[in-house]
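Participant: Residue numbers (the working numbering), protein chains in the order written: chain L, 844 to 1446; chain R, 225 to 570.
Because the hints were derived from the structure by calculation, they are not lab data. The model shown is predicted, which means the values in this text are computed figures rather than measured ones. Be aware that one or more of the hints could be misleading.
PhoX-like, lysine-lysine: derived pairs with alpha carbons at most 20 angstroms apart [what the hints assert, rightly or not]:
hint	chain 1	residue 1	chain 2	residue 2
1	L	Lys1323	L	Lys1303
2	R	Lys394	L	Lys932
3	R	Lys394	L	Lys1176
4	L	Lys1176	L	Lys1423
5	L	Lys1423	R	Lys394
6	L	Lys1402	L	Lys1379
7	L	Lys1446	R	Lys394
8	L	Lys1203	L	Lys1323
9	L	Lys932	L	Lys1137
10	L	Lys1260	L	Lys1319
11	L	Lys1056	L	Lys1067
12	L	Lys1139	L	Lys1423
Distance ranges between label pairs, derived from CB positions [to be verified]:
hint	chain 1	residue 1	chain 2	residue 2	range
13	R	Ala273	L	Ala1391	35 to 43 angstroms
14	R	Lys280	L	Ser1304	41 to 49 angstroms
15	R	Leu341	L	Ser1275	54 to 62 angstroms
Backbone N, C-alpha and C fix where the C-beta goes; we use that ideal spot for every residue, glycine too.
The residues making up each chain are set out below.
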Amino acid sequence: MSMSFLGRRKRLLALLLTLVLLIPMIAACGSGDTATTAPSTSGNATATTGTTATDPTAAPTEDASAAPTATTAAADAPTAAPAAGESDKFLVFGGSGEPDSLDSMDTTTGTALIVTRQLQESLLGFAPGTLEVIPELATEWTPNADATEWTFKLREGVTFHDGTPFNADAVVFNFQRLFEPDFEFGFRAEGKKYSIVPDIFGGYAGEAESAYKSVEAVDENTVKFTLTRPVPLLPNYLAASYFGISAPEAVKAGKEKYGSPEFGGAGTGPFKFERWDAGQSVTLVRNEDYWGDKAKMPGVVVRFISEAPQRLAELEAGAIDFTVNLSADSRAKIASSADLQVVDLEPFNIAYLSLNMNNKPFDDIRVRQAVAYAIDKQEILDTSYSGVGSVADDFLPDGLADYRPGDLESYAYDPEKAKALLTEAGYPDGFSTMVLTDGTELALELWYMPVSRPYYPDAKSVAELYAAQLEDVGIKVELKTEDWGVYLDNWDAGAKNGMVMLGWTGDYGDPNNFLYTHFGPGNVDEAGYSNPDVWKLLSDAGAATSPAESIALFQQAGKLINADLPRIPIVHAPPVLAAKQSLTGWVPNPTGGESFAPISVTK
Amino acid sequence: MAGYILRRVLGIIPVLLGISLLVFTLIRTIPGDFAIIALGERSTPEQRAALTKRLKLDRPLFLNFEGGNVFDSQYISFITNFVQGDFGDSLKNQRAISKELGERFPATIELSLVSLLIAVVLGVSAGVISAMRRGSWLDASTMLIALLGVSMPIFWLGLMMQYLFGVNLKWLPLSQRLDDELRRTFTPITNMYVLDGLLRGRLDITLNALKHLILPSVALATVPLAIIARMTRSAMLEVLSQDFIRTARAKGLRERTTIIRHGLRNALIPVATVIGLQLGFLLGGAVLTESVFGWPGIGTWLLQGILSRDYFVVQSGVMFVALVFVVVNTIVDISYGFFDPRIQYK
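With these hints in hand, go ahead and build the complete structure from the sequences.
Facilitator: Here it is in structure tokens:
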């Protein structure tokens, strides 16, 4: 390119002009989008399905007529006009990230499930603030004698957001979609994953370990689940947000894009999907035809704010009304503010330290015990969690305390005992290396998470405390971390040696959600712990039909785990939740899924 | 002329191929299994394998020597699909990448243009004033502030401004492009909201969009503003010492005319070059600014794409941005001959 420097000024002008001229062209591919997101679930989906079966663009086109983009006046009309004399302000929730899907059955992330809980209700729900199972879309549920057949009576007179009726056929449709790989409207080949099923039910229909056999409509308002083995805790599972019921016609219309920003989700919930502004927020409006108590506010905006300090700043600035997962050290600041309140929630999680038993010296129980005695959990709680939460003697949080063994060894802080155990194990001066299965000797590693989770809000600071406490008894560690994706890869592949910090938040009231996950066969790969007696006890406990029997088996398993000590439970830490002082009606649930309908705030 | 245009257009192809190879390879060399990130920590190896297979990410990267079609590879598919305008869907939320680009790219352009405007207007004024009052306390303090501006980390400044104007004084919004209530009452056309407000006759939208633009665009403008101010000052000083300025003064022109007509117009030539260079910087700096201010632009989107190993978002997104800029630059170069008759292409 030959060019005189004299022309630069005009060159810039030309560049700017060209850019500006190009914008409308570039934007053209996105301009129709708002029309498609806004009413896709509010329009009558039944009317559109005939065409959408062959042409995925048909639904948006039809819907677009309901919200014209061409005329200024119509485009400017708010979708839901406020009722007279009532605040037209929406509730604003500071979510900790963007949902991956608004199809409740096709997501496992908390940021998505808190939104789907407003849209798609489950057959059962949780009583406010607890794990107690209560009716939601089902009013009664009864098992047969060995809990292999469950019959659910459905609530009558309920309609989906798209106007179609909620009935047994709709429930059957949803669970066939979830469980049966060859179901016509599962859209698995196109990308639907339903990845929660193997975790809870052992596999999809037809797989050897699957608990699911069939689901059928007994009559208009009765549904029967048939299982391959006793599942006494089925109501607890079905109350989880994963099993929200979607409108079948909306699923058929959206296909694999049902739940995506273009389609949103439709159920029977107190709020309806209005729009999803990618990277910014999801907007829901009140469902005026809701079967229960209608939402107090005309709508809710769920903002995506991934950083905890940003959520706090937005709350302080008054831009959001309530939020979750703040850092532990912001508790004092919120409590001292006249405009804000801390909202309490019992912890339903566990922060733990895993010891890789494939490697020496962690194959020796005395060494594992020594590590446990060397750690001052109280100091960790006081320093990194502002003292809020509880020291953990067991993986099960207080919500599941009934299932804990009564006489646990708590491994309370005792450095002298730790030193004695190390001496007994042949390490009188402690150790600073580990020996892998292939004989390689490496510096002893302690891995800390690069991300913040409620159970480890600041993993690095805790890791430093571990390192100092362990050094007091002669165990010298090298602190390590890596990209979160890689961290999990290596963990799953069993490639994390030494000590590893991780944690877990429960999603439903089942001890196995904590115990089988961590001490079942999965642990063999992850950290080398293999105790078939524990596996059997946990499986039997999950299948026991009488609560007393179930509790006894879980407690026996808990005793074995407590003695084997493959992972050291550290703390149960409550997430820090906060709201404006004027906000009322918010009762967070330990599982992280509660209805926003009763919440109101004065603005 | 026709030959030159043809050569320039053909020249785009190797540039884009090079970029495509780079971005395709780089996103795949970052460690971390996209399937774990897409399916979550609780997924099973079978589910991950199924996803990999469905997305055809189990195929060879560049050329297929495993039998069958040699061109049945990930890279070749990426290029052929891209050329056909098929950018695919986001791995994360199944959203069409073309739709998301259509919303996010204009957001970044809007932010960059407003920042550039602030940087140019304030930077040139500060530079001229400094040059005219050379050696005064005004000059010294302006240049000190400019030095601070160049050295200021954008994210720190952004956070401080958020805290002061958003949290403490509550004058300005901390993030987003429009107030929640307004956004739902309005259908954008170009997705540049300031412009769309005018096009739709919605002055409230334009004003609200501007209000939301203040903090991020000031933060983003800081560095270019400082650079432009310093550049203007030194260029002005050089021009003001030229003979023709003395002549202008000697023949009795008003000082303002001398400075603006004869001084500034000549001093702006090197400044314009710097401004042109800053436009690229602005788009890069937008990544940081967008993160701090939750601005839903292309920077945060690509960043999330990289963090979640969303191969399709990253490769199509980067390619699209590269394509737009290469094309725009080429058009500018070609149109240049029309703007300035002294330039002749052969």
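Participant: Within a Cα-Cα threshold of 20 angstroms, do Lys1402(L) and Lys1379(L) meet the stated pairing?
Facilitator: holds (14 angstroms)
Participant: Decide if the proposed pair is consistent with the structure: Lys1423(L) and Lys394(R), CA atoms, cutoff 20 angstroms inclusive.
Facilitator: Measuring from Cα to Cα gives roughly 15 angstroms; hence the hint holds.
Participant: Tell me if the straight-line CA distance from Lys932(L) to Lys1137(L) falls inside 20 angstroms.
Facilitator: holds (16 angstroms)
Participant: Does the hinted range 41 to 49 angstroms hold for Lys280(R) and Ser1304(L) at CB?
Facilitator: Given range 41 to 49 angstroms: holds, Cβ gap about 43 angstroms.
Participant: Holds or violated: Lys1176(L) with Lys1423(L), Cα cutoff 20 angstroms?
Facilitator: With Cα atoms ~13 angstroms apart, Lys1176(L) and Lys1423(L) stay inside 20 angstroms; holds.
Participant: Would the hint linking Lys394(R) and Lys932(L) be met if the CA-CA limit is 20 angstroms?
Facilitator: holds (18 angstroms)
Participant: Within a Cα-Cα threshold of 20 angstroms, do Lys1139(L) and Lys1423(L) meet the stated pairing?
Facilitator: holds (16 angstroms)
Participant: Does the alpha-carbon distance linking Lys1056(L) and Lys1067(L) stay inside the 20 angstroms limit?
Facilitator: holds (11 angstroms)
Participant: Given the hinted pair Lys1203(L) and Lys1323(L), is their alpha-carbon gap at most 20 angstroms?
Facilitator: Within the cut-off at roughly 19 angstroms; holds.
Participant: For the pair we were handed, Lys394(R) and Lys1176(L), check the Cα-Cα distance against 20 angstroms.
Facilitator: holds (18 angstroms)
Participant: Starting from the hint 35 to 43 angstroms, judge whether the C-beta atoms of Ala273(R) and Ala1391(L) obey it.
Facilitator: Roughly 42 angstroms apart at Cβ, these two residues keep to the hinted range, so it holds.
Participant: Check the hint pairing Lys1446(L) with Lys394(R) against an upper bound of 20 angstroms on the C-alpha distance.
Facilitator: holds (15 angstroms)
In this structure, none of the earlier numbered hints is contradicted; all agree with it.
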